[in-house]
Structure formats: structure tokens, C-alpha cells
Amino acid sequence: VIRVAAVGDVHLGPDLRGRHRAGLTGIAERADVLLLAGDLTRHGTREEAEIVAGEYADLGVPVVAVLGNHDYQSDEEEAVTEVLTEAGLVVLEGEGAILELAGGTLGVAGVKGFGLGFAGRCGSEFGEPEMKAFVRHGRAAAELLADALLTVSDADVRVALTHYSPVDGTLVGEPPEIWPFLGNYLLGEAIDRAGVHLAVHGHAHAGQEKGLTDGGTRVRNVAQPVIRTAYAVYELHAGEASSDVTHPVDEAVSA
Amino acid sequence: MNAFDDEPQDLDGYRLKDLERRIAEDDEAAELGVHVVRSGDRLFVRGHVASAARRERVLELVRQECPEIEAVDELHCVDRELSIEPGAAEVLR
Numbered sequence: 145v146i147r148v149a150a151v152g153d154v155h156l157g158p159d160l161r162g163r164h165r166a167g168l169t170g171i172a173e174r175a176d177v178l179l180l181a182g183d184l185t186r187h188g189t190r191e192e193a194e195i196v197a198g199e200y201a202d203l204g205v206p207v208v209a210v211l212g213n214h215d216y217q218s219d220e221e222e223a224v225t226e227v228l229t230e231a232g233l234v235v236l237e238g239e240g241a242i243l244e245l246a247g248g249t250l251g252v253a254g255v256k257g258f259g260l261g262f263a264g265r266c267g268s269e270f271g272e273p274e275m276k277a278f279v280r281h282g283r284a285a286a287e288l289l290a291d292a293l294l295t296v297s298d299a300d301v302r303v304a305l306t307h308y309s310p311v312d313g314t315l316v317g318e319p320p321e322i323w324p325f326l327g328n329y330l331l332g333e334a335i336d337r338a339g340v341h342l343a344v345h346g347h348a349h350a351g352q353e354k355g356l357t358d359g360g361t362r363v364r365n366v367a368q369p370v371i372r373t374a375y376a377v378y379e380l381h382a383g384e385a386s387s388d389v390t391h392p393v394d395e396a397v398s399a
Numbered sequence: 123m124n125a126f127d128d129e130p131q132d133l134d135g136y137r138l139k140d141l142e143r144r145i146a147e148d149d150e151a152a153e154l155g156v157h158v159v160r161s162g163d164r165l166f167v168r169g170h171v172a173s174a175a176r177r178e179r180v181l182e183l184v185r186q187e188c189p190e191i192e193a194v195d196e197l198h199c200v201d202r203e204l205s206i207e208p209g210a211a212e213v214l215r
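Each protein sequence line maps, in turn, to chains L and C.
The end of the first sequence is residue 399 by my numbering, with every number in the run present.
The end of the second sequence is residue 215 by my numbering, with every number in the run present.
These are calculated hints, taken from the structure and not from any lab test.
No experiment lies behind these values; they were computed from the predicted model shown.
You may find that some hints are simply not true.
[As the list claims (entries may be wrong)] Under 7 Å between C-beta atoms, here's a sample of chain C residues computed to sit facing chain L:
hint, residue
1, GLY155
2, VAL159
3, SER173
4, GLU212
In this text, a Cβ means the ideal position worked out from N, Cα and C, and glycines have one as well.
The following block holds chain C by itself, in its conformation from the complex (with noise of 0.2 Å):
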């Protein structure tokens, strides 16, 4: 074995950490909590956005980045939360 036997997948995870880096810079995502991982030949687009259309934005930036790969939508958009009506008081003493 030597220190390049591994190079593809280590290309792979700059390429994914880049991705993280545009999909938090990018205006209309700007989505600080998204993590892309990829397992077997598919790519699992996890974490929380605030908007349908933040969570499409992403989605469109995973998929201009690998097009080669499938992406799978595991984002939790929380958007509907927003109008849930609180639980009861937490007492603190």
C-alpha cells in the first residue's frame, strides 16, 4: 500500500467538504447545518433548512456539483414547525 492507493476517495471528501462550503455561502441557500455524505454510489443530503425553497436550492447545488451521483433527499425543512403552537410552560425555580 502507498499514500496513493486511497487518493480517489480522499478527492472525493475535499470535493464534499467544498460542496458543505457553497452550499453555506451560496445566497439563496446559505444553509450552515447541511452535511453531504456519501455511501455506496449515492450521496445522503442531510441536515436542517428553513424553506422548501432553501431546501430545493440545495438540492440544485448538490446535484450541479456531482451530477454522476445519485443525491438522496434526507434534509428535515422546518418551515411548518414555525406555526406549531407551543407545549406548556417549563416551570424553572
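Isolated chain L, as found in the complex (with noise of 0.2 Å):
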């Protein structure tokens, strides 16, 4: 069994230093990792990734994290990642970390994610640079969530970590209107077709917690304003993983 603590959207600024430190009094207990669904700043400059460095570092847990549009709001997300690390969490983009555990080893795939939206409501590589650009960078980040699912293949767990919703089931409470910025489904298609055992993400502070990709993946939306706890715990077991074996697009192909 491998207990892992999610929280995603705590927006760190100078105004909530050490504000999530106190609620992680314990996590050691409770969870064998952390994981953080990006957003951990509000504007992704190297002094508020000192506040979060300070917030995470030597919890009795190991952290990884993934960054989220805000803490890339400055152009800083290079000096971001560099603090973080150099506190001792793990910083994925495109990567894989695999964790030995005391319930076996965790492996988790991690990417920022992208908009784009959802099948038969999402953009197009079609038209206008500007609209070519945003779909491509969509796709480009399931590419790279794709990549990172590979490298952790062989661990006992496996966990998709992302800013961005893979799903829509998540969304649900959020304008739809705004659903192509929140995520997009070609993450959930590298999910499924990888095979995970959880996928987390945030950044729909409006969403649900539950949902599930078109392959029976559980996701959990763990945006802090939607857990409202200081994180999540979920306990997940070792055995085999929803895949895509009768995943929906692979019929839509063959059809």
C-alpha cells in the first residue's frame, strides 16, 4: 500500500507564509509522499519559491511537484524549479520519478499540462498562428506527459501528477465556456493508453474533486479550494492499472 498526499493551488505569497507548513504538521503519519498539483505561487517569482521552498522542504516525506500557469505568470519558471530543487523537491516536466517506498515503488509522471479542451469541444491546428500555437502547445504537453508515463512503467504504482485537468468530469462547476483553458483530453488519452493507477491535477478551484477517464483511470482534482483541507490522502495498491485496451479512440480509428 502507498499513501499518497495531494494538494494542488495553495498560491503562495508573502501574505500566507507558513500558512500550509502548519497544516502538514503530521503528514509523516498519514502519507509516504506529497505530491503538488502546480499553481504553488502566485506570480512564479524567485521570492515566492523561497516562501514554498521553506513551506516544503524536510517534511519526513519526499515531495514532488509539477508548476501551474501562475508560476509561470513571470517568466521565471527556470529560477522557480532551481529553488525548489535546491530544497529538496523533485520538479517534473515532461519527467518521471520513481520513489522506493515502504509499500514498493511509486512512480510518478509529471507535466504542467496545457488547455486545448475536450473531444467535439476543443481547439483546432487550424487557422490564425496565434490558434495553431495554442493547440500545438496543448498537444505537445500530452506528448510529454506520454514520454514521462514511459519511464515509470516498471514501478509497483504508478501516478500521472499534472496542473491541467485530463478529464472533464473534474470541471464540473466551472463556467464550461472556460473548459478548453482548464484541460485537455489528449493528457487523459496518454493516461489511459499508458495505464495509471491515479492521475491528480488542479487548477479548477470551481471543479469536483471525482472523476475518471474514458478508460476507468480515477482522477482526483486536488485544487486546495475544492479538497479544503490542507491536502488529500489517497491509498493506492499495487496490481494492475487501467489501461487502454478498449479505449473509445482506439474504436473510432479502427471503425
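Assemble the dimeric complex from its two separately framed chains, guided by the hints.
Structure below.
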């Protein structure tokens, strides 16, 4: 059994210094690892990253993070990553991390992700260069996730960690008009093709915690305004993960 | 009825959309999930904010932009929830 704690969208800045740390007391008794699903800062500055580093350093459990759109706001995402890494956090962007935990090996594949929308209601790579760039970035994010998932395929338990949502089910509560800016069905397709035990994301503050991919993988929106606690904990059991053997995309292609 | 009959309401709507965008883009607020709705002669300010300071900044922006209308604070500040212990683990098999 591996106990995964997760939270996203804490948006730390000087006005919240130490506030999350207070809620993380005793986390090592409840969980084996903490996943951070992006939007760790308000503006993505080095100064804010130092506050984040202070909040999550030396917790007694490994901390694995992806960045979110807020963490890119000041074009200092590399500095943010550097500060967090120096504090001992693992920051993933199109990469995987394998952790040796008491309950087995945990593979975390992480990427920020991007928008695009969901099948039948998404952007297409057509028309103006700006529209093509938006769609290409969404597609590239899903390709990064697929590559990252390959690197953790041997782990006992596999988790996909993103900021943007891979499914629309966890967005219910958000205005449907903005769903293309909140998630991307290609992320969900990458998850189903790889077969993971859990997909964790943030970004959708007004969404729902629980969702599923088309292939049956459990998805959890851990945006802090959704879970309304310091973090949520999921107990995962090694064994066969949901996979893509009957994914509807394959059926559509072969029809 | 002609195309201009509802012009004042439309202009209010555009003004409120611009205000929501300003709240998202403002350095001190940076809150992307705040909505401002006019009902009767008041403005209702809704959504999640990360801290008390950001709540004050959002309300300051609303009052600057619409000084002639009373703003009602219906924001939900999540900062105290950052220190709330989690419930029992969800078992996923």
C-alpha cells in the first residue's frame, strides 16, 4: 500500500508564509509522499519560490511537484524550479520520478499540461498562427506526459501528476465556456494508453474532486479550494492499473 | 424596440467583464476565479481568493471601477483551510 498525499493551487506569497506548513504537521504519519499539483506561487517569482521552498522542505516525506500557470507568470519558471530543487523537492516537467517507499515503488510522471478542451469541444490546429500555437502547445504537453509515463512503467504504483485537467468530469462547477482553458483530453488519452493507478491535477478551483478517464482511471482534482483541507490522501494498491485496451479513440479509428 | 433599448445594461456587462479581467491581471490580486454580478442596485463579488490581503485588493478594485454601486463581499477566502488536517484516506483499488 502506498499512501499519496496531494494538493494543488496553494498560491503562496508573502501573505501566506507558514500557513500551509501548519497544516502539514504529522504528514509523515498519514502519507508516504506529497504531490503538489502546480500553482504553488501567486506570480512565479524567485522570492515566492523561496517561500514555497520553506513551506515544503524537510517534511519527512518526499515532495514531488509540477508547476502551474501562475508559476509561469513572471517568466521565471526555471528559477522557481531551481529554488524548489535546491530545497529538496522533485520538480517534474515531462519527466518521471521513481520513489522507493515502504509499500513498494511509486512512479510519478509529471507535466504542467495545458488547455485545448475536450473531444468534440476543443480547439483545432487551423487558421491563425496564434490558434495553431495554442493547440500545438496543448498537444505537446500531452506528448510530454506520454514520454514521462513511459519512464515509470516498471513502478509498482504509477501516478500521473498534472496541473491542467485530463478529463472534463472534474471541471463540473466551472463555467463550461472556460473548460478549454482548464484541461485537455489528450492528457487523458496519454494516461489511459499508459495505464496508471491515479491521475492527480489542480487548476479547477470550482470543479469537483472526483472524476474518471474514458478508460476507467480514477482522477482527483486536488485544487485546494476543492478539497478544502491542507491535502487529501489516497491509498493506492499495487496491481493492474486501468489501461487502454478498449479505448474509444481506438475504436473510432478502426471503424 | 430597437437595438439600443438595452444599451445601458450591455455597457454594464462589458464593464463588469473588464473588471473581472483586471482582477485576474492585477499583480496584487492575481485571482482568476472572481466573478462580479450586478443584481438590482448592488454588485455581488463572488469566488475563491487565497488570502485576506487578496480579498481586500479585489474589493478595492471593484470599488475603484464602480464607485457609484454598493459592492457586496461574497468572496470565500481559503487561507484558513490550508491548515485544516485531512480526513481519512480514500482507498482506491
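Hints, verified against the model:
no.	hint	verdict
1	GLY155	holds (5 Å)
2	VAL159	violated (12 Å)
3	SER173	holds (4 Å)
4	GLU212	holds (5 Å)
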